[in-house]
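Protein sequences, first through last, are from chains A and B.
In terms of full-length UniProt numbering, the first sequence has 199 at position 199, counting the first letter as 1, and numbering is strictly consecutive.
In terms of full-length UniProt numbering, the second sequence has 159 at position 159, counting the first letter as 1, and numbering is strictly consecutive.
One or more of the hints may lead you astray.
With the C-beta cut set under 8 angstroms, the calculated list includes, among others, these residues of chain B facing chain A [stated by the list, open to error]:
#1 52
#2 53
#3 151
#4 154
#5 161
#6 200
#7 203
#8 337
#9 339
#10 346
Derived lysine to aspartate or glutamate pairs resembling EDC-like cross-links, with alpha carbons at most 20 angstroms apart [as the list claims (entries may be wrong)]:
#11 B:244 with A:293
#12 A:244 with B:293
#13 A:243 with B:249
#14 B:277 with B:241
#15 B:277 with B:172
#16 A:277 with A:241
#17 A:212 with A:172
#18 B:40 with B:17
#19 A:272 with A:293
#20 B:57 with B:308
#21 B:243 with A:293
#22 B:272 with A:317
#23 A:57 with A:45
#24 B:277 with B:249
#25 A:272 with B:293
#26 A:212 with A:249
#27 A:272 with A:209
#28 B:243 with B:293
Listed next, the stretches of chain B that the computed footprint assigns to chain A, with coverage defined by at least 3 CB atoms under 8 angstroms from CB atoms of chain A [what the hints assert, rightly or not]:
#29 86-100
#30 217-228
#31 231-241
#32 248-259
I should point out that these hints are in silico values taken from the structure, not numbers from a laboratory.
Even glycine gets a Cβ: it sits at the ideal position worked out from N, Cα and C.
Number of protein chains: 2
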Amino acid sequence: MIIDIHGHYTTAPRALEAWRNQQVAGLADAALTPSPDALKISDEELRESIEANQLAKMRERGIDLTVFSPRASFMAHHIGNVETSVTWARLCNDLCARVAGLYPDNFIGAAMLPQSPGADPRTCLPELDRCVNELGFVALNLNPDPSGGHWTSPPLSDRHWYPIYERMAELDIPAMIHVSTSCNACFHTTGAHYLNADTTAFMQCLTSDLFKDFPTLRFVIPHGGGAVPYHWGRFRGLAQEMKKPLLEEHLLENIFFDTCVYHQPGIDLLTKVIPAKNVLFASEMIGAVRGIDPQTGHAYDDTRRFIEAAPTLSDTERRQIFELNARRVYPRLAAALDARQQGAAR
Amino acid sequence: MIIDIHGHYTTAPRALEAWRNQQVAGLADAALTPSPDALKISDEELRESIEANQLAKMRERGIDLTVFSPRASFMAHHIGNVETSVTWARLCNDLCARVAGLYPDNFIGAAMLPQSPGADPRTCLPELDRCVNELGFVALNLNPDPSGGHWTSPPLSDRHWYPIYERMAELDIPAMIHVSTSCNACFHTTGAHYLNADTTAFMQCLTSDLFKDFPTLRFVIPHGGGAVPYHWGRFRGLAQEMKKPLLEEHLLENIFFDTCVYHQPGIDLLTKVIPAKNVLFASEMIGAVRGIDPQTGHAYDDTRRFIEAAPTLSDTERRQIFELNARRVYPRLAAALDARQQGAAR
Numbered sequence: 001m002i003i004d005i006h007g008h009y010t011t012a013p014r015a016l017e018a019w020r021n022q023q024v025a026g027l028a029d030a031a032l033t034p035s036p037d038a039l040k041i042s043d044e045e046l047r048e049s050i051e052a053n054q055l056a057k058m059r060e061r062g063i064d065l066t067v068f069s070p071r072a073s074f075m076a077h078h079i080g081n082v083e084t085s086v087t088w089a090r091l092c093n094d095l096c097a098r099v100a101g102l103y104p105d106n107f108i109g110a111a112m113l114p115q116s117p118g119a120d121p122r123t124c125l126p127e128l129d130r131c132v133n134e135l136g137f138v139a140l141n142l143n144p145d146p147s148g149g150h151w152t153s154p155p156l157s158d159r160h161w162y163p164i165y166e167r168m169a170e171l172d173i174p175a176m177i178h179v180s181t182s183c184n185a186c187f188h189t190t191g192a193h194y195l196n197a198d199t200t201a202f203m204q205c206l207t208s209d210l211f212k213d214f215p216t217l218r219f220v221i222p223h224g225g226g227a228v229p230y231h232w233g234r235f236r237g238l239a240q241e242m243k244k245p246l247l248e249e250h251l252l253e254n255i256f257f258d259t260c261v262y263h264q265p266g267i268d269l270l271t272k273v274i275p276a277k278n279v280l281f282a283s284e285m286i287g288a289v290r291g292i293d294p295q296t297g298h299a300y301d302d303t304r305r306f307i308e309a310a311p312t313l314s315d316t317e318r319r320q321i322f323e324l325n326a327r328r329v330y331p332r333l334a335a336a337l338d339a340r341q342q343g344a345a346r
Numbered sequence: 001m002i003i004d005i006h007g008h009y010t011t012a013p014r015a016l017e018a019w020r021n022q023q024v025a026g027l028a029d030a031a032l033t034p035s036p037d038a039l040k041i042s043d044e045e046l047r048e049s050i051e052a053n054q055l056a057k058m059r060e061r062g063i064d065l066t067v068f069s070p071r072a073s074f075m076a077h078h079i080g081n082v083e084t085s086v087t088w089a090r091l092c093n094d095l096c097a098r099v100a101g102l103y104p105d106n107f108i109g110a111a112m113l114p115q116s117p118g119a120d121p122r123t124c125l126p127e128l129d130r131c132v133n134e135l136g137f138v139a140l141n142l143n144p145d146p147s148g149g150h151w152t153s154p155p156l157s158d159r160h161w162y163p164i165y166e167r168m169a170e171l172d173i174p175a176m177i178h179v180s181t182s183c184n185a186c187f188h189t190t191g192a193h194y195l196n197a198d199t200t201a202f203m204q205c206l207t208s209d210l211f212k213d214f215p216t217l218r219f220v221i222p223h224g225g226g227a228v229p230y231h232w233g234r235f236r237g238l239a240q241e242m243k244k245p246l247l248e249e250h251l252l253e254n255i256f257f258d259t260c261v262y263h264q265p266g267i268d269l270l271t272k273v274i275p276a277k278n279v280l281f282a283s284e285m286i287g288a289v290r291g292i293d294p295q296t297g298h299a300y301d302d303t304r305r306f307i308e309a310a311p312t313l314s315d316t317e318r319r320q321i322f323e324l325n326a327r328r329v330y331p332r333l334a335a336a337l338d339a340r341q342q343g344a345a346r
């Protein structure tokens with residue numbers, strides 16, 4: 001079985017974007033604010049948006065199941081205030097839940113949170129609870145920089161974030177650390193801000209003792225961990241100078257990297273440097289990089305090929321990366337799969 | 001010959017730091033501001049600080065010459081105003097010039113600029129001219145974020161920076177793009193801010209047509225290019241979607257990566273993915289990562305070993321990386337070496 005733990009609903013029907021534009025217009029003129037009910041998307045439209053896109057590619061590439069969350073760049077937590085984000089997150093999560101309901105064998109939800117710059121993360125808990133307890137979601141995306149490239153929130157190791165971590169422990173779900181659109185002209189969203197956030201989050205964990213306070217906390221750092229595996233020696237050396245334990249001990253019980261690295265040498269490095277138990281298969285397909293690589297003739301985001309070809313991996317390790325690690329890091333995903341299997345066996 | 005293009009004076013006598021602390025105290029109480037003349041460091045003290053440190057390691061590792069600039073984290077352009085930085089940069093550059101004067105075969109200067117948040121980069125030109133024309137420096141360090149982690153300056157592709165580039169063209173010198181200390185709690189200086197800045201700068205170049213305006217402009221992106229080579233497929237794909245030329249054509253006449261990557265797999269990836277003509281030997285020794293790697297028994301920053309062992313490099317390519325590229329990218333360095341050779345032959 002192949003589980004892709006990093007998929008976003010990047011192909012949602014245009015009505016969603018139109019609704020959001022209207023919501024943004026409402027920030028300047030409250031009379032324009034749309035009601036959540038004004039968003040009308042039929043199951044037929046959802047099916048069209050998925051079958052020709054994510055599902056078609058999953059079938060083509062042999063991917064069975066995708067952990068599916070709202071479009072990362074559309075979260076745009078910097079827009080408006082908590083209420084703006086609460087309404088927007090709810091709509092976006094609902095659409096992912098409907099997709100998972102239409103294709104229960106192929107998609108399972110991960111929650112976008114209604115974060116907002118300066119807001120207490122506790123304001124996110126009701127939506128997180130709703131997503132997990134009512135919609136059956138198995139993870140969340142946590143944005144370490146709701147300001148969108150101005151980095152005005154405290155580091156992830158700060159107590160500011162602890163209410164989220166406490167709820168994660170209760171619910172037994174992991175968080176993917178994923179920023180959204182950059183509204184800082186210095187940072188290109190997918191070419192700089194995303195990768196920088198990955199590196200930044202890792203280093204925030206390295207310099208802290210966060211995982212002593214939360215031994216079961218699990219962070220998935222996407223995009224192959226940003227710059228981290230490429231500079232693994234640097235990070236090992238920095239930890240050593242800070243008298244931290246070896247990274248394996250200090251961080252690798254709690255931090256996992258996905259495989260959204262879009263060329264063979266990058267995946268070869270990732271799988272050579274990072275223990276297989278810490279690598280989770282992902283492609284973020286129909287995401288940041290949608291073209292065909294002229295050097296290979298295949299899609300940049302067809303990362304399964306790279307894992308298959310990675311020279312240092314054993315078949316056992318490939319199975320960990322494709323399936324077993326996801327079951328371990330996302331226990332609610334494992335439980336859902338087991339329940340289905342039992343249902344099918346009955 | 002082996003040229004290390006990335007060395008900072010991290011071991012300057014303590015009197016320098018004491019002077020700086022006094023200068024910072026003077027920002028709160030002008031009466032405390034020290035005179036530049038108050039900094040007294042003898043040649044003997046400079047020799048001690050260099051011979052037991054950089055020079056000892058260069059001899060041990062067989063490195064002939066280091067391009068030597070003031071300590072990057074001490075630039076701290078976010079402190080004070082333009083005048084603060086003008087005085088501070090001058091003192092720091094003078095020390096590097098004195099080291100180069102004491103050890104002309106082993107060190108050659110690169111300039112720190114007196115940048116300041118919000119200041120017109122033109123204010124840096126007198127110090128840059130002085131360093132190149134009077135002190136014999138062959139390059140400069142350009143800080144794309146003088147705010148120290150708040151990223152309040154325009155991207156490097158903005159006309160804001162053009163006066164620097166015009167002067168670089170006139171002087172025929174390259175710039176290393178190097179930030180300084182982060183005063184944003186989100187970013188660890190050497191573990192996040194440096195690497196993020198490298199990735200950010202590369203992407204600012206990718207999305208722009210800066211090198212059409214300045215065809216001879218040369219940027220050295222340190223720390224192995226941040227996350228860039230590891231994500232080379234991502235960057236190729238992003239450029240493709242933006243209808244930019246192939247990266248080789250679009251950027252690799254103007255952008256170079258150093259080899260400050262502190263483990264073998266990282267250097268193997270760098271030298272596999274990036275053409276040898278774009279890779280410059282560097283170690284940033286006695287810098288961010290000073291320990292011994294228990295996995296190898298050698299210093300993390302002893303990068304020469306990694307280049308020697310990189311499996312895809314030919315001897316010709318190694319010679320490019322160790323020497324020939326530096327001569328090409330830093331023509332004033334080449335001219336200085338040629339002049340010395342002619343002097344020796346006479």
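Each hint tested on the structure:
1. Hint status for residue 52 of chain B: violated, given a least beta-carbon distance of 20 angstroms to chain A, over 8 angstroms.
2. Because the smallest distance between the Cβ of residue 53 of chain B and any Cβ of chain A comes to about 16 angstroms, over 8 angstroms, the interface hint for this residue is violated.
3. Contact between residue 151 of chain B and chain A, as hinted, is supported at the beta carbon level, the nearest pair being about 4 angstroms apart and thus within 8 angstroms.
4. Look at residue 154 of chain B: its Cβ gets to within about 6 angstroms of chain A, closer than 8 angstroms, so that hint holds up.
5. Taking 8 angstroms as the C-beta contact cut-off toward chain A, the hint placing residue 161 of chain B at the interface is violated, the least distance being around 12 angstroms.
6. Evaluation of the residue 200 of chain B hint against chain A yields a held restraint, the C-beta minimum of about 5 angstroms falling below 8 angstroms.
7. Because the smallest distance between the Cβ of residue 203 of chain B and any Cβ of chain A comes to about 4 angstroms, under 8 angstroms, the interface hint for this residue holds.
8. Because the beta carbon of residue 337 of chain B sits about 30 angstroms from the nearest beta carbon in chain A, more than 8 angstroms, this interface hint is broken.
9. Checking residue 339 of chain B against chain A: minimum C-beta separation of about 37 angstroms lies over 8 angstroms; hint violated.
10. Using the Cβ-Cβ criterion of 8 angstroms, the hint placing residue 346 of chain B at the interface with chain A is not satisfied: the shortest such distance is roughly 45 angstroms.
11. Taking the CA atoms of residue 244 of chain B and residue 293 of chain A, the gap is about 14 angstroms. The hint holds against a cut of 20 angstroms.
12. For a cut-off of 20 angstroms, the pair hint linking residue 244 of chain A to residue 293 of chain B stands: about 14 angstroms separates their Cα positions.
13. For the given pair, residue 243 of chain A sits about 44 angstroms from residue 249 of chain B by alpha-carbon distance, which is inconsistent with the 20 angstroms threshold.
14. Note on residue 277 of chain B and residue 241 of chain B: the hinted pairing is violated, with a Cα-Cα distance of about 26 angstroms set against a maximum of 20 angstroms.
15. For the given pair, residue 277 of chain B sits about 19 angstroms from residue 172 of chain B by alpha-carbon distance, which is consistent with the 20 angstroms threshold.
16. Restraint check: the Cα-Cα separation between residue 277 of chain A and residue 241 of chain A comes to about 26 angstroms, which exceeds 20 angstroms; the hinted pair is violated.
17. As the CA atoms of residue 212 of chain A and residue 172 of chain A are separated by approximately 17 angstroms, the hinted pair is consistent with the 20 angstroms bound.
18. Between residue 40 of chain B and residue 17 of chain B the CA atoms are separated by roughly 12 angstroms; this keeps the pair inside 20 angstroms, and the hint holds.
19. Distance hint between residue 272 of chain A and residue 293 of chain A is unfulfilled; the C-alpha atoms sit about 23 angstroms from each other, more than 20 angstroms.
20. In summary, the hint linking residue 57 of chain B to residue 308 of chain B is supported, as the alpha carbons are separated by about 17 angstroms, within the 20 angstroms threshold.
21. With a C-alpha separation of about 14 angstroms, the suggested pairing of residue 243 of chain B with residue 293 of chain A holds against the 20 angstroms cut-off.
22. The hinted pair formed by residue 272 of chain B and residue 317 of chain A fails the criterion: a straight-line CA distance of about 25 angstroms is larger than 20 angstroms.
23. Taking the CA atoms of residue 57 of chain A and residue 45 of chain A, the gap is near 18 angstroms; set against the 20 angstroms cutoff, the hint holds.
24. Among the hinted pairs, residue 277 of chain B with residue 249 of chain B is consistent with the structure: their alpha-carbon atoms are about 13 angstroms apart, no more than 20 angstroms.
25. Only pairs whose Cα atoms come within 20 angstroms are accepted, and residue 272 of chain A paired with residue 293 of chain B is accepted, the gap being roughly 17 angstroms.
26. With a CA separation close to 11 angstroms, the supplied pair residue 212 of chain A and residue 249 of chain A stays within the 20 angstroms bound.
27. With a CA separation close to 26 angstroms, the supplied pair residue 272 of chain A and residue 209 of chain A exceeds the 20 angstroms bound.
28. Pair hint residue 243 of chain B plus residue 293 of chain B does not hold up; C-alpha atoms about 43 angstroms apart against a cutoff of 20 angstroms.
29. For the segment 86-100 of chain B, the stated coverage by chain A is violated: 0 residues have a C-beta nearer than 8 angstroms to a C-beta of that chain, whereas at least 3 were required.
30. Only residues whose C-beta sits within less than 8 angstroms of a C-beta in chain A count toward coverage, and the segment 217-228 of chain B has 4 of them, enough to reach three; the restraint holds.
31. Residue count for the segment 231-241 of chain B with a Cβ under 8 angstroms from a Cβ of chain A: 10. That meets the three needed, and the coverage hint holds.
32. Check on the segment 248-259 of chain B: 0 of its residues sit with their Cβ under 8 angstroms from a Cβ of chain A, so the three-residue criterion for coverage is violated.
In summary, the numbered hints that this structure violates are 1, 2, 5, 8, 9, 10, 13, 14, 16, 19, 22, 27, 28, 29, 32.
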